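A.B. asks: First to last, the protein sequences are chains A and B.
Residues in the first sequence are numbered consecutively from 269, following the working numbering.
Residues in the second sequence are numbered consecutively from 53, following the working numbering.
Be aware that one or more of the hints could be misleading.
Subject to a maximum C-alpha distance of 20 Å in a straight line, what follows is the list of computed SDA-like cross-link-like pairs (lysine to any residue) [claimed, not checked]:
hint	chain 1	residue 1	chain 2	residue 2
1	A	Lys414	B	Lys318
2	B	Lys317	A	Leu527
3	B	Lys71	B	Val58
4	B	Lys385	A	Leu527
Label pairs and their in silico Cβ distance ranges [to be verified]:
hint	chain 1	residue 1	chain 2	residue 2	range
5	A	Leu460	B	Lys71	26 to 36 Å
6	A	Phe498	B	Glu291	23 to 33 Å
7	B	Val312	A	Leu455	29 to 39 Å
8	A	Asp299	B	Asp300	49 to 59 Å
9	A	Leu455	B	Ser344	32 to 42 Å
10	A	Gly377	B	Asp406	20 to 30 Å
11	A	Glu318	B	Ile313	20 to 30 Å
12	B	Asp284	A	Leu455	38 to 48 Å
13	B	Asn83	A	Leu455	19 to 29 Å
14	A	Asn419	B	Lys316	15 to 25 Å
15	A	Lys414	B	Ile87	37 to 47 Å
16	B	Asn248	A	Leu460	53 to 63 Å
17	A	Ala430	B	Leu343	18 to 28 Å
18	B	Pro436	A	Arg467	52 to 62 Å
What the hints contain is simulated information worked out from the structure, not anything from laboratory work.
For clarity, every value in this text was computed on a predicted model and none was experimentally measured.
Just so you know, even glycine gets a beta-carbon here, dropped at the ideal spot from N, CA and C.
Residues per chain are reported as follows:
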Amino acid sequence: MNITVCIKQVPGTSEVEIDEKTGVMKRDGIDSKMNPYDLYAIETAVRLKEDKNAKVSVITMGPPQAEAVIKEAYMMGADHGCLLTDRKFAGADVLATAYSLSQGITQMGEYDLIICGKMTTDGDTAQVGPEIAEYLNIPHVSNVRKIHEINERSIVVEMNMAESVEIQEVLLPCLITVEKDICQPRLPSFKLKMKTSDRAIPRITFNDLADKNVMHYGLNGSPTQVLKIFPPPANTTNEKWEGDSDKLSKKLADKLHELKYV
Amino acid sequence: MAKIVVHQNKIEDREAVIKVCPFNALEFEENDELILNAACKMCKICIRRFPEIFEWVEDVAPTVNKDEWRGVTVYIDHIEGDIHPVSFELIGKARKMANKIDHPVQCLIMGNNITKIAEQVLHYGADEVFVYDKPQLHDFRIEPYAAVFEDYINKNKPSIVLVGGTTVGRSLAPRVAARFRTGLTADCTILDIQDNTDLDQIRPAYGGNIMAHIHTPNHRPQFATVRYKIFDAPMRTEEKSGKLTFCDIADEKLKSKITVIEIKKKEKVKSIEDADVIVVAGRAFKKEEDLSMIYELADELGAMVATTRPLIEAGWMDARLQIGLSGRTVKPKLIIACGVSGAIQFVAGMNNSDMIIAINEDPKAQIFNVAHYAIVGDIYEILPALTTQIKEMKKVK
Ligand SMILES: Cc1cc2nc3c(=O)[nH]c(=O)nc-3n(C[C@H](O)[C@H](O)[C@H](O)COP(=O)(O)OP(=O)(O)OC[C@H]3O[C@@H](n4cnc5c(N)ncnc54)[C@H](O)[C@@H]3O)c2cc1C
Ligand SMILES: Nc1ncnc2c1ncn2[C@@H]1O[C@H](COP(=O)(O)O)[C@@H](O)[C@H]1O
């Protein structure tokens, strides 16, 4: 069984700020890390590998330094990795990202199951997974919180909904996006780090893809355009109360009474 | 289509130029040429900072005839006879936008035996409700649902499609948007419409630290998802307005590789999204036992208790009680944040509340920036005293 996991490198902190006047983003340093949700996707795959003897491949689309997340996936037990990178992919929105990934995944070879994280902490859309599935023309299930069973033919999963869970049997190949509840990711292993330190990270570029229409990639293939980014608006009305705790609590009780909550 | 052109000869301070990109997308190639790599998000910050080096060049865009696409469509999400309230909130928003451009508000509902449910929608001001009623649509399965959506769009050509950010909505909307090779903006918090029917979509990114204003200028339909409790639902009217239109679709389009084995109800807990009054315990609570202070206050106010992420991580409360970006978005009439610092990830999940009261001993706490009443003080003193006061007041009455 072949499992492909989609992983992404994201900024190490979400503490980015924007300077209101210049519109320039302030960031501390350049550290980046694996999208935390993708750790669950890798862990899910590696457990299936241990259980069912599957082969686990990971793919990431990003700049050359995104190699780091593939190395990390190797340290967690992934067998094979691939970096999808090209200047032509610059400026990709969800649609172009999902399309490039679907092309890259096809290029990597056979797959029975594709696993994505639930969402990323930077893009934060949770849309890339379902869109990849659409382009690969395979069924998908989002928000999977448990895998009951998998065999050559199908997988049985629990889809998490607000008030219920829907248990679905899906024929392979298919794509799932997994929630945090599904498992506890292992830490990267030092042994595997040593073992995989010189394992190659093949690159796939635009020229390797089957569809060579530049209009389908990067900014050209992105129907959405960012007009502007700006800091969130600060809120207005504000009354500050200071002083002795007893007085404050009395004042608050009166206020709650006035507002008819008491 | 557009691109960013780099005028190599205008580059002076190489370091400074590279640093301007928050996404590390600028790099020098071996031949010293400055390029934008795959990390580029087209945020245009480089253009703003170094207009002489970076230039935005607009090629001829593939034009879509925007006049051919009419209507603001809302996908009606329902489960076992109940319409998800986010659907009504979206109808309210759709109505406002549709009026500005003189388009109709359409709703799309699919399922099995759903005429009664569909009629409900007519009390909220839609012009036309399109109903696909088929046994194959009994449970949510992605391929038949996407096929119906596709059929609907092909036949009705709406300009805008709004979908609630529920599990189903977040699975279905991207699938259909990709099928039409069009844009989808997730979790919009502000939506508006231009005269030319372009949708202004504003959403938080980077954990709510920045807002992005997004357009889909050359594609139709324009897809957006919106979370529950972002917009206000219109009042239900006694009379119905608009009409139901029943639609058919060929059985072979509804084939699926998915079999639904079982639907299990989760134990029904009232969710914080539905609460009118919420009291929030933050990390100022030093021990799990101290939470009794918040539970007692909540009892007196008939409020629900919610919390911040550190307390969830400590295992003190159920994860469903977490407010914020990685938790729930709430919009109660009153929220009292006790010992909460007001990190942006938390605030993003509650700053639309009608009335915000915050208690924090740090006069500079960020939560005070969004609070209507900022109370500087120690929760260990104020909360018990407050609860006692309220009890007293009730006795007097
Ligand atoms: C990607 C990402 C997503 C996140 N999502 C969420 C999310 O969804 N929800 C969420 O809550 N957090 C989220 N966080 C975490 C968030 O950044 C903050 O760490 C968290 O909200 C802080 O919780 P807190 O305010 O309870 O604790 P703290 O930040 O520790 O604040 C405690 C506050 O209590 C005050 N205090 C202490 N003692 C007393 C006292 N005796 N009386 C009165 N005041 C007192 C202090 O002055 C302080 O302001 C996320 C973080 C990241 C990176
Ligand atoms: N650039 C990328 N490379 C590989 N996988 C990605 C990329 N972007 C998104 N994904 C996958 O899609 C999931 C959802 O991402 P998003 O839609 O950005 O929230 C992530 O958890 C990843 O599994």
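A.B. asks: All hints are to be evaluated individually against the structure, with a verdict given for each.
C.D. replies: Hint check results:
Restraint check: the Cα-Cα separation between lysine 414 of chain A and lysine 318 of chain B comes to about 14 Å, which is no more than 20 Å; the hinted pair holds. For the hint pairing lysine 317 of chain B with leucine 527 of chain A, the CA-to-CA distance comes to about 37 Å; that exceeds 20 Å, so the pair is violated. Proposed proximity of lysine 71 of chain B and valine 58 of chain B is supported: the alpha carbons are some 15 Å apart, at most 20 Å. For the proposed pair lysine 385 of chain B and leucine 527 of chain A, the alpha carbon gap of about 10 Å is at most 20 Å, so the pair holds.
Against the hinted window of 26 to 36 Å, the Cβ-Cβ separation of leucine 460 of chain A and lysine 71 of chain B comes to about 35 Å, which satisfies the hint. At roughly 43 Å, the beta-carbon separation of phenylalanine 498 of chain A and glutamate 291 of chain B lies outside the given 23 to 33 Å, and the hint is violated. For the pair valine 312 of chain B and leucine 455 of chain A, the beta carbons lie near 37 Å from each other, so the given range of 29 to 39 Å is met. Taking the beta carbon of each, aspartate 299 of chain A and aspartate 300 of chain B are about 56 Å apart, inside 49 to 59 Å as hinted.
Judged by the Cβ atoms, the range 32 to 42 Å given for leucine 455 of chain A and serine 344 of chain B holds: they are separated by roughly 36 Å. A hinted range of 20 to 30 Å for the beta carbons of glycine 377 of chain A and aspartate 406 of chain B is inconsistent with their spacing of about 55 Å. Look at glutamate 318 of chain A against isoleucine 313 of chain B: about 25 Å separates their beta carbons, and that is inside 20 to 30 Å. In this structure the supplied range 38 to 48 Å holds for aspartate 284 of chain B paired with leucine 455 of chain A, their Cβ-Cβ distance being about 46 Å.
Here the CB-CB span from asparagine 83 of chain B to leucine 455 of chain A is close to 41 Å, at odds with the stated 19 to 29 Å. Separated by about 22 Å at the C-beta atoms, asparagine 419 of chain A and lysine 316 of chain B satisfy the suggested range of 15 to 25 Å. Between lysine 414 of chain A and isoleucine 87 of chain B the CB atoms are about 44 Å apart, so this pair conforms to the stated range of 37 to 47 Å. At about 55 Å, the beta-carbon gap between asparagine 248 of chain B and leucine 460 of chain A stays in the expected band of 53 to 63 Å.
Distance hint check for alanine 430 of chain A and leucine 343 of chain B: the Cβ-Cβ separation is about 25 Å, which falls inside the suggested range of 18 to 28 Å. In this structure the hint that proline 436 of chain B and arginine 467 of chain A lie 52 to 62 Å apart at CB holds, the actual value being about 60 Å.
In terms of the numbered hints stated before, the structure departs from hints 2, 6, 10, 13, listed from lowest to highest.
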